Amino acid sequence: MTMTSSETTSERMTGSRFGYRFNIVGMIGLSVILFWAIVAIFAPLIIPYPVGEIVDLDYFGPMSADFWLGSDYLGRDMFSRILMGARYTVGISLAAVTIACFSGVVLGMIAAVAGGWLDTVLSRFLDALNSIPSKLFGLVVVAAVGSSIPVLILTLSVIYIPGSYRFARALAVNINAMDFVTVARIRGESTWYLIRSEILPNIVGPVLADLGIRFVFIVLLLSGLSFLGLGVQPPYADWGALVRENIGGLPFGAPAVMAPSFAIASLTISVNLLIDNLPKKIRDRSE
Amino acid sequence: MNNRVLSLVLSRLLIALITLVIVSFAVFFATTLLPGDTATILLGQAATPEAVEGLRKAMHLDDPAIFRFLRWIVGLLQGDLGTSYANDMPVADLIGGRFINTLKLAGVTALFSVPIALTLGISSAMLRGSLYDRIVTVMTIGVISVPEFMIATSAVLIFAVYLKWLPALSFANEIHSLSDMLRIYAMPVITLTFVISAQMIRMTRAAVIETLNTPYVEMALLKGASRPRMVLRHALPNALGPIVNAVALSLSYLLGGVIIVETIFNYPGIAKLMVDAVATRDLPLIQSCAMIFCLGYLLLITTADIIAILSNPRLR
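These protein sequence lines map, in sequence, to chains F and R.
Residue numbers are given in my numbering: position 125 of the first sequence equals residue 286, and the series is strictly consecutive.
Residue numbers are given in my numbering: position 139 of the second sequence equals residue 121, and the series is strictly consecutive.
Same shape as in the complex, but just chain F (with noise of 0.2 Å):
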């Protein structure tokens, strides 16, 4: 399921005291991930313009020393709407990924902890979940009621609920199988217990990896939604529906077409970058 190829994971690393060292390319992602982040924390503190006002005369103006990347189809500042937009791109997406592995993960755990029909019925259900393809499901639920933030958030979890949990319920079988896990049964443990003591501990890493993969996932198919109209609604604006606002701009190659699917891949990339170049400690079962 993951993106990640365990080869490019370098020998090149060298042991560190403090356990966990990042590679170069590892840390050119991290830095680029803490930039958006900072951005979204900050941006009504930055941005040049405010972003609802139109202040170039021209629209879908080129890049200048006034406006960075150029103008939108309205003359608004294309600079100040991209970091306003990280607000709502990074900020439901990670929402969205917290619910969706959090949920997924505490199901999988329980799922592999209890077994019997509980497993059986929680993962045949998910599975058949899972057989619904993401953009069709997000399709279907904003035709249903409509899209709001609170709403795409919790369609955006539910729709990567059911990879997580196939991911920690694979993980935490095999931990279950362990001799410490079942010394701790034999002691009487209740399941809270073993989950929360025994397994959870040992799966954490991985876990955390296929997070930030998901978070990828969730990164794009929002954008997607966004981009058809079905996500951010207006006045509001994340990355993809500020493609979508001036696709109008492409046959002029105006920047303000390109400018918010480079914020896009700049970030998901960065993920990417960062997970396939993580301590092998931290990811070693992940594959």
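Note that these hints are calculated values from the structure, not bench results.
If you're wondering where the values come from, they're calculated on a predicted model, not measured in any experiment.
The beta carbon of each residue, even a glycine, is placed where N, CA and C say it ideally should be.
No false leads were mixed into what you were given.
Chain F regions said to be covered by chain R (calculated; three or more residues, Cβ under 8 Å):
{"id": "1", "region": "278 to 288"}
{"id": "2", "region": "303 to 315"}
{"id": "3", "region": "385 to 391"}
{"id": "4", "region": "408 to 417"}
Starting from the known structure of chain F, fit chain R onto it as the hints suggest.
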């Protein structure tokens, strides 16, 4: 031993059937049980309560949901897809031609992407670790980690805006000549080919590498077989199952791809129909389109699984 294969395939088909039932359940309930009264939406805000009540009765909206679900499923099985809310036409008529258009687009894309992806995937697995392999890997990860619409817009920028070979974002309904057809299909097919190939290359490469790591390939290496012989005679025949599996799985990414591509290029296919139906909240149309997509997706992943079972020599 053949009985085992048969029972595995049959159980896989059974699972697919159960999944289909759960999926149709999910699609139906997502579209009908959620808030928003269909009759009120259809008649608009100004409708009298009596009119709304009458329509509710006529559409059986007051029946328990489970009956409506069963009625809908029986209708589907008999080929009755219902009537569109938006323009009162049978959904089957609306979908018919559009569905063929989408199939054409998907078929042409598969025709291009499968050979390209297999060549690149297998060759990069053979030359694992080389510069060529790294370039291919970086490119595929790059394509996979950007949204489909970015590939589409980049293709328009390159081929229509800078090179001026093809028209941007337009679609002619009449096809007069071969060049017309090329112009219509070129851009959607280029975009989809990129998206699908990237997935397929990645999976094919992984499948071949897995086979190359097996003891019998190592044996071939030790007895002094040349590299091409090792790959072509020893590894590939055994990797064939996983590769076909990978092809079927990546073709399922077509579904997500066509939704974006048909919208951006205004291609009259079923995905565009569905996106438009979402805008008008035309539920019967959305349900039918969703079922067609889910069916196609399920068909592809089930085929992939069955091929994986059939091609596993240990089960024979």
